[in-house]
Amino acid sequence: MTRVHDMGGRFGDGPVHPEPEDAPVFAEDWHARALAVTLAAGSLGQWNIDVSRHARERLSPKDYARFSYYEKWISGLADLLVETGVLTDEDLRGETAGDKHPLTSRVLKSDAVAKVLASGGPADRPSNVRVKFEPGQKVVTARQAANRFVDGGHTRLPMYATGARGRILMIHGTYVLPDSSAHKLGDAPEPLYAVVFPASELWANPEHPQDEVVLDLWQSYLEPA
Amino acid sequence: MPHDDHDHPHALLPPDPALRVKALETILTRKGLIDPAALDEIIDTYQNKIGPQNGARVVAKAWVDPEFKAELLKDATSVVADLGFYGRQGEHMVVVENTPEQHNMVVCTLCSCYPWPLLGIPPGWYKSDAYRARAVREPRKVLAEFGVTLPTTSSVRVWDSTAEVRYLVLPMRPLGTDGLSEDELVGLVTRDSMIGTGLPEEPS
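Protein sequences, first through last, are from chains W and P. Under the working numbering, the residue at position 183 of the first sequence is numbered 183, and the numbers go up by one with no gaps. Heads up: take any position in the second sequence, counting from 1, add 1000, and you land on the working numbering.
Note that these hints are calculated values from the structure, not bench results. One or more hints might be untrue.
Unchecked claim - List time: in silico EDC-like cross-link candidates among lysine to aspartate or glutamate, alpha-carbon distance up to 20 Å:
1. P:Lys1127 with W:Asp89
2. P:Lys1022 with W:Glu19
3. W:Lys100 with P:Glu1202
4. P:Lys1069 with P:Glu1097
5. W:Lys62 with W:Asp79
6. P:Lys1127 with W:Glu95
7. P:Lys1141 with W:Asp13
8. W:Lys115 with P:Asp1082
9. P:Lys1049 with P:Asp1065
10. W:Lys138 with W:Asp29
11. P:Lys1141 with P:Asp1040
12. P:Lys1127 with W:Glu134
13. W:Lys115 with P:Asp1040
14. P:Lys1022 with W:Glu201
15. P:Lys1022 with W:Glu28
16. P:Lys1074 with W:Asp124
17. P:Lys1022 with W:Asp13
18. W:Lys62 with W:Asp6
19. W:Lys62 with P:Asp1035
20. P:Lys1069 with P:Asp1040
21. P:Lys1061 with P:Glu1097
22. P:Lys1049 with W:Glu28
23. P:Lys1069 with P:Asp1082
24. P:Lys1061 with P:Asp1075
25. P:Lys1049 with W:Asp29
26. P:Lys1127 with W:Asp124
27. W:Lys109 with P:Glu1097
28. W:Lys115 with P:Glu1202
29. P:Lys1127 with W:Glu223
30. W:Lys115 with P:Asp1016
31. P:Lys1127 with W:Asp187
32. P:Lys1074 with W:Glu223
33. W:Lys109 with P:Asp1044
34. P:Lys1022 with W:Asp22
35. W:Lys184 with W:Glu134
36. P:Lys1127 with W:Asp6
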């Protein structure tokens, strides 16, 4: 069992409402602020991308469903700041003064922004885990979308793709394993594959017999079929 | 009045989202943990500098230059980096080509993964529950909501971005564009055509 964010295939959400191509990038000023505060706080170096994704996923199902997109970001960020000890509950309540913080030397300055955004954070790493599958090979995904290290932990195998038979389409290389990284258990890099599944393997009533879904899946999510 | 789950620290901030962001920004600024000028710089970058015009440049170039296209489909990351498109949320790029037999469409069912250096910040619909939930199960119905109907002779391949690899769709070049230059073709490439929920514009 996964969490509320794992919604691929779910029924009941109604139509998609496309916005025009020229709609503003940020519908509200606070959306832009929420994104920028989140990126800037990330630069303090107290967590990685997997930790921050998991912080949003750990919002209660009620909050997750009720919050708009950037509300999830800002709320996940507030939780992370307290969990990592950067801020305290009292800070969030506004009960503390603006004392100098030990992390101020890490603050993202405006003249560093372009460089930080342009350099990104690659997720490929050397690994001594042997590549087990080759393109074209048939595989089956794990029966459960579950983190093997932490109960209820982060994983990137969606529930709709569990126990499904597909074939290896591409070998991407060896990548940080989010299941480990999200819990600060190390990068644990291993082979990552693009795996293609016939829609009929995933859905009771696929729209077309030739349709397919591709997912990027780590080697430990897969077994030979 | 709904209340946040009180086990979480975020519930200590004001419930109104705009005020919640403002409060957190103020607290972090007072502690010297964020520089408001850096926030302005980040916003300016994604509002004005990085957006679908980057991806459109890549697509138009692929339409006019077969050698570039072959390289792009083989190793997108280094090819687009050579054009200056690299960075956060675009560290590992794969470009997938639409053909008369196969239409590609990209989603992130678990969150909102999207190729920022080529397309900018994702539009609201891409991050919506409806798109995330339905794109994998009923892509053709979703496409119809974008006004796109595919022939039954075309299959749909949906890419669920579950890792740090980011996908860009290379749409088919519209008919009747043989005489157009690369710069003119850029104007026909829509954002949605590079996500796979739309098609390029027809030449006028």
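Hints and how they fare:
Between the alpha carbons of Lys1127 of chain P and Asp89 of chain W the distance comes to roughly 30 Å, so the proposed pair goes past 20 Å and is violated. Only pairs whose Cα atoms come within 20 Å are accepted, and Lys1022 of chain P paired with Glu19 of chain W is rejected, the gap being roughly 27 Å. Distance restraint check for Lys100 of chain W and Glu1202 of chain P: the Cα-Cα separation of roughly 58 Å exceeds the 20 Å cut-off, and the hinted pair is therefore not satisfied. This hinted pair checks out: Lys1069 of chain P and Glu1097 of chain P have alpha carbons roughly 10 Å apart, not beyond 20 Å.
Our distance criterion of 20 Å between C-alpha atoms is met by Lys62 of chain W and Asp79 of chain W, whose separation comes to about 16 Å. With a C-alpha separation of about 35 Å, the suggested pairing of Lys1127 of chain P with Glu95 of chain W is violated against the 20 Å cut-off. For the hint pairing Lys1141 of chain P with Asp13 of chain W, the CA-to-CA distance comes to about 13 Å; that is within 20 Å, so the pair holds. In summary, the hint linking Lys115 of chain W to Asp1082 of chain P is supported, as the alpha carbons are separated by about 16 Å, within the 20 Å threshold.
Between Lys1049 of chain P and Asp1065 of chain P the alpha-carbon distance is near 25 Å, which puts this suggested pair outside the 20 Å criterion. Between the alpha carbons of Lys138 of chain W and Asp29 of chain W the distance comes to roughly 48 Å, so the proposed pair goes past 20 Å and is violated. Straight-line distance between C-alpha atoms of Lys1141 of chain P and Asp1040 of chain P comes to about 39 Å, which puts the hinted pair past the 20 Å bound. Of the supplied pair hints, the one linking Lys1127 of chain P and Glu134 of chain W is violated, its CA atoms being roughly 33 Å apart against a limit of 20 Å.
Between Lys115 of chain W and Asp1040 of chain P the CA atoms are separated by roughly 15 Å; this keeps the pair inside 20 Å, and the hint holds. Of the supplied pair hints, the one linking Lys1022 of chain P and Glu201 of chain W is violated, its CA atoms being roughly 47 Å apart against a limit of 20 Å. Between Lys1022 of chain P and Glu28 of chain W the CA atoms are separated by roughly 13 Å; this keeps the pair inside 20 Å, and the hint holds. Taking the CA atoms of Lys1074 of chain P and Asp124 of chain W, the gap is about 18 Å. The hint holds against a cut of 20 Å.
For the given pair, Lys1022 of chain P sits about 31 Å from Asp13 of chain W by alpha-carbon distance, which is inconsistent with the 20 Å threshold. Simply put, Lys62 of chain W and Asp6 of chain W have alpha-carbon atoms about 14 Å apart, close enough for the 20 Å limit, and the pair holds. For the hint pairing Lys62 of chain W with Asp1035 of chain P, the CA-to-CA distance comes to about 33 Å; that exceeds 20 Å, so the pair is violated. Between Lys1069 of chain P and Asp1040 of chain P the alpha-carbon distance is near 36 Å, which puts this suggested pair outside the 20 Å criterion.
With a CA separation close to 14 Å, the supplied pair Lys1061 of chain P and Glu1097 of chain P stays within the 20 Å bound. For a cut-off of 20 Å, the pair hint linking Lys1049 of chain P to Glu28 of chain W stands: about 19 Å separates their Cα positions. The suggested pairing of Lys1069 of chain P with Asp1082 of chain P holds, with an alpha-carbon distance near 14 Å, which does not exceed 20 Å. The suggested pairing of Lys1061 of chain P with Asp1075 of chain P holds, with an alpha-carbon distance near 15 Å, which does not exceed 20 Å.
Pair hint Lys1049 of chain P plus Asp29 of chain W holds up; C-alpha atoms about 17 Å apart against a cutoff of 20 Å. The suggested pairing of Lys1127 of chain P with Asp124 of chain W is violated, with an alpha-carbon distance near 25 Å, which exceeds 20 Å. Taken as a hint, the Lys109 of chain W and Glu1097 of chain P pair is broken in the structure, with Cα atoms around 40 Å apart against an allowance of 20 Å. With a C-alpha separation of about 37 Å, the suggested pair Lys115 of chain W and Glu1202 of chain P falls outside the 20 Å cut-off, and the hint is violated.
With a C-alpha separation of about 31 Å, the suggested pair Lys1127 of chain P and Glu223 of chain W falls outside the 20 Å cut-off, and the hint is violated. For the hint pairing Lys115 of chain W with Asp1016 of chain P, the CA-to-CA distance comes to about 33 Å; that exceeds 20 Å, so the pair is violated. Taken as a hint, the Lys1127 of chain P and Asp187 of chain W pair is broken in the structure, with Cα atoms around 27 Å apart against an allowance of 20 Å. Pair hint Lys1074 of chain P plus Glu223 of chain W does not hold up; C-alpha atoms about 27 Å apart against a cutoff of 20 Å.
As the CA atoms of Lys109 of chain W and Asp1044 of chain P are separated by approximately 14 Å, the hinted pair is consistent with the 20 Å bound. Straight-line distance between C-alpha atoms of Lys1022 of chain P and Asp22 of chain W comes to about 27 Å, which puts the hinted pair past the 20 Å bound. A threshold of 20 Å between alpha carbons decides the hint, and for Lys184 of chain W with Glu134 of chain W the separation of about 30 Å lies outside it, so the pair is violated. For the hint pairing Lys1127 of chain P with Asp6 of chain W, the CA-to-CA distance comes to about 13 Å; that is within 20 Å, so the pair holds.
Of the hints listed earlier, those the structure fails to meet are numbers 1, 2, 3, 6, 9, 10, 11, 12, 14, 17, 19, 20, 26, 27, 28, 29, 30, 31, 32, 34, 35, in rising order.
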